[in-house]
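Visitor: The residues making up each chain are set out below.
2 protein chains.
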Amino acid sequence: MYENRIRKTELEQLIITAEEAAMLFKDKMVVASSGFTKAGDSKAVLMALAERAKIDPLKVTLMTGASLGQGTDGALAEADALSLRLPFQVDPIMRKAINKGEVFFIDQHLGETANLLRANNFPKIDIAILEACLIAEDGSIIPTTSVGNSASFAALAEKVIIELNLSVPLSIRGVHDIFSTGEYPTRRAIPITKANSVIGTDSIAINPDKIVGIVITQKTDSPAEIEAPDAATTAIANHLIGFFNREVAKGNLTKSLLPLQAGIGKVANAVLTGFTHSDFEDLTMYSEVLQDSTFDLLDSGKLLFASGSSITVSQDYYDRIFADFDKYKDRVILRPQDISNAAEVIRRLGIIAINTALECDIYGNVNSTHVSGTHMMNGIGGSGDFARNSYLSIFVTTSVAKGDKISCIVPMVSHVDHCEHDVDIIVTERGLADLRGLAPRQRAQVIIDKCVHPEYQEEMQSYFDRACAERGGQTPHILEEAFSWHTSLRETGSMKKTVMV
Amino acid sequence: MYENRIRKTELEQLIITAEEAAMLFKDKMVVASSGFTKAGDSKAVLMALAERAKIDPLKVTLMTGASLGQGTDGALAEADALSLRLPFQVDPIMRKAINKGEVFFIDQHLGETANLLRANNFPKIDIAILEACLIAEDGSIIPTTSVGNSASFAALAEKVIIELNLSVPLSIRGVHDIFSTGEYPTRRAIPITKANSVIGTDSIAINPDKIVGIVITQKTDSPAEIEAPDAATTAIANHLIGFFNREVAKGNLTKSLLPLQAGIGKVANAVLTGFTHSDFEDLTMYSEVLQDSTFDLLDSGKLLFASGSSITVSQDYYDRIFADFDKYKDRVILRPQDISNAAEVIRRLGIIAINTALECDIYGNVNSTHVSGTHMMNGIGGSGDFARNSYLSIFVTTSVAKGDKISCIVPMVSHVDHCEHDVDIIVTERGLADLRGLAPRQRAQVIIDKCVHPEYQEEMQSYFDRACAERGGQTPHILEEAFSWHTSLRETGSMKKTVMV
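For the protein sequence lines, the chains are E and G, in the order given.
11 is the number of the first residue of the first sequence in this note's numbering; add one for each residue after it.
11 is the number of the first residue of the second sequence in this note's numbering; add one for each residue after it.
So here's chain E without its partners, still in its complex pose (with noise of 0.2 Å):
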């Protein structure tokens, strides 16, 4: 029964229905469920949770590891049961509910949000939601295919329902690596000192007593729907590769470069697989999401070992790597994401840190998350962990969009995500812009020459000189035409149709 996958026998008991489990929640309570960029999420109880709302209607509070997969995050905003998300979300529906004020998101960077927890910055979380394919005879559970926030909600949930999901094959108990450095003021380090160290457990202890339900399910994770590279994302790879070549000439780095982070999303995967054909060897990963191309990357003997917060692959390399998971089990480890993004870590291990821009402007400045500075895209996820301690960071992103009606290299950008400081190189298909060392007026005269689409280079040469001439200052602005393009994009639907004021 439940293929013996409820060991601690005497909580047998606590199992109920999703539709069950959903009247467990009130008005206005804090809800935390697992679920890491669509990997281990809640795929029962949230979806009855949405179904109650539409005849009970009730509004809660929403907080997960990242993304949600099964359109859950569509359903809870279409019945309108949400009031706040946080941390990511990557849903239509629900970016729609966003953007009108009808859900309030908090965008928090990924590894922030357990912290904030535990310094009592943010309401106690009454029920946690936590799929587990496995509970064991402590009862402790066994995550599946994410750790994200779960340790946490774990710890600090008043009340925890475990979906038991009978769908993910037990050879995964032992890729997960479960850590917490504890409560203020003594906190600990967190002793890793190696992309493969092991710190901690391989499941999260809950308290019984809290565990108030348990709903037994069969549903797979939603597959990631990866887009394969193409011309522009090729010549990005391709312009980092030259990059990191020039690097390991110089003795700056060695063949194994130093681990690497890769955001989700068609650039960041095509880099990766630029390694594959690659001369570098011994790589390792320090990063978030485990992709398919992390895959690839393990299976041709390139890298050696990957450290993340979830596993996030297409339907065709799921089958794959859990029909035969023991194959990658030594080589893969799934922390918890205020360890997976940690500063003291990323910082320590030296990670570069490669990273997908929405638009980028000539001092340096990143936006990767509002569309022309007011509309929530996605979020930030871990970007921002990741750039402001890495050993290098690295934003990618091609030169135009919607054909090339939006130029992504603007005079500034219209809402900062990652500010000057935390930039060291900017790529887009044109070329490579190394900042590191250099003041912002130099930096913007380099990525003018280097990632600037020809179609925009002379208004931007042209705004920046003027900017320059007219205003002066550490970081020449003129502010009332610094976001012209943004405004022509609005009014002409294209940003080449710049009125200069």
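Worth double-checking, as some hints may not be accurate.
For chains that are exact copies, the list does not tell them apart, and a pair is met inside one copy or across any two.
When the alpha-carbon atoms are kept at most 25 Å apart in a straight line, the in silico SDA-like pairs for lysine to any residue are as follows [claimed, not checked]:
no.: 1; residue 1: K69; residue 2: K415
no.: 2; residue 1: K106; residue 2: E490
no.: 3; residue 1: K506; residue 2: E490
no.: 4; residue 1: K415; residue 2: E491
no.: 5; residue 1: K106; residue 2: P201
no.: 6; residue 1: K134; residue 2: F335
no.: 7; residue 1: K69; residue 2: D37
no.: 8; residue 1: K36; residue 2: D136
no.: 9; residue 1: K204; residue 2: G192
no.: 10; residue 1: K506; residue 2: E480
no.: 11; residue 1: K276; residue 2: D219
No lab work stands behind these hints, which were simulated from the structure alone.
In this text, all values refer to a predicted model and were calculated from it rather than measured experimentally.
Given chain E's structure and the hints, the job is docking chain G onto it.
Guide: What follows is chain G alone, placed relative to chain E:
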């Protein structure tokens, strides 16, 4: 001779004059100097270099711990001796040269410089100038009133000039705690678990073969200029003390709070002074600069212990403190700035960070550096190191400046140093905005209600309401109007005469 301060006696033969030392520099060299907020800086050699540059032109890169005293930065700028300056400065002449684009300036988190150097992300240092009060038997040096980046400079520079300062009493020996995390890929954890953890040695090791000169000086540090608290800064301090009292009442903090960090300046100083007359007890400090108010708090018995990277005090305090330094020695530690400002330690200890904003916007973004978005004031200093990783990140500013011609809260900051993610609390003399757990639209209303000056409240509310209604989004803005307050200031001398577009 030299008061027995060169205890490795064979080094005595390296004694040279400052003028002779100045001749060791060549055009385009990378020069590093001790000095952190005017404490422990080069007082003879850099000045001699400025003199030399006047008659024998050369331009060098100059990096320090933080700001220099003695008017040195101004003299170097006037002599046209610098091509690039980093990571911080406060000199009015240097500032002018930077804003004209005559000297390039890299504004940098103070905890970052040593990390960049160790990561080979900056050119190698040719000569480092390090102030010391003693050269020990083993050739290591005892720093003076700051540690700053001196330990990293000593390790990484090709050549070293020591400025042996006889004016600093040898009783200071023992206050420094020198520790290095080592090099990639085998960097170590920083084993600090309390503000007063001692983890290193009391002197900085130097390979004696690197030493190319020892210059004897007698000059004392430039005294800090401390402005006395006034009605506005006292009101800010009182709002903060009230907030801490409420946090204690709620059980979020104890009466010892958590270790404090305070930026330099009038407001931060007033806040620290406010603690002297409070109910808090057994406070600790883990900060950068130990100021007059730090020693007042130590004397009052309220503060048990203070850790920083420099002692920067006014003349009276200097005389008093160093007349009997043994009184403070077991209650004060000076650390390298990559340790005092380490993300790792700031997060682990749970620092309460109090820093000064130049301007804030309604969504909680902070500008600490750029007047009207273009002109550098001083630099970001260590505020970013603390704000990002602290337990609580607090920014203080008066609600208006220049009479009330400038509102320090604006629709959108003209330069982002600390993004919305890094700001928990904003305090003006009007009130305290607690932004924890709030989405951007919620933050805006709290900031308008609590922090904005009445002269500007109506107009700000109008901007926010129209931005929500006309544009919407996660972070509503009317981009073409976002800087209209700054434009108005530029055109009319006041933000009050804002012409709404």
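Visitor: The structure should be examined with respect to each hint, and the outcome stated for every one.
Guide: Structure-based check of each hint:
1. K69 - K415: neither (40 Å within a copy, 44 Å between copies)
2. K106 - E490: between (30 Å within a copy, 23 Å between copies)
3. K506 - E490: both (18 Å within a copy, 17 Å between copies)
4. K415 - E491: both (18 Å within a copy, 23 Å between copies)
5. K106 - P201: neither (42 Å within a copy, 46 Å between copies)
6. K134 - F335: For K134 and F335, the Cα distance exceeds 25 Å both inside one copy (37 Å) and across copies (47 Å).
7. K69 - D37: So K69 and D37 pass the 25 Å test inside one copy only (5 Å; across, 67 Å).
8. K36 - D136: within (9 Å within a copy, 66 Å between copies)
9. K204 - G192: For K204 and G192, both the intra-copy (21 Å) and inter-copy (14 Å) Cα distances are at most 25 Å.
10. K506 - E480: both (23 Å within a copy, 24 Å between copies)
11. K276 - D219: For K276 and D219, neither the intra-copy (44 Å) nor the inter-copy (52 Å) Cα distance is at most 25 Å.
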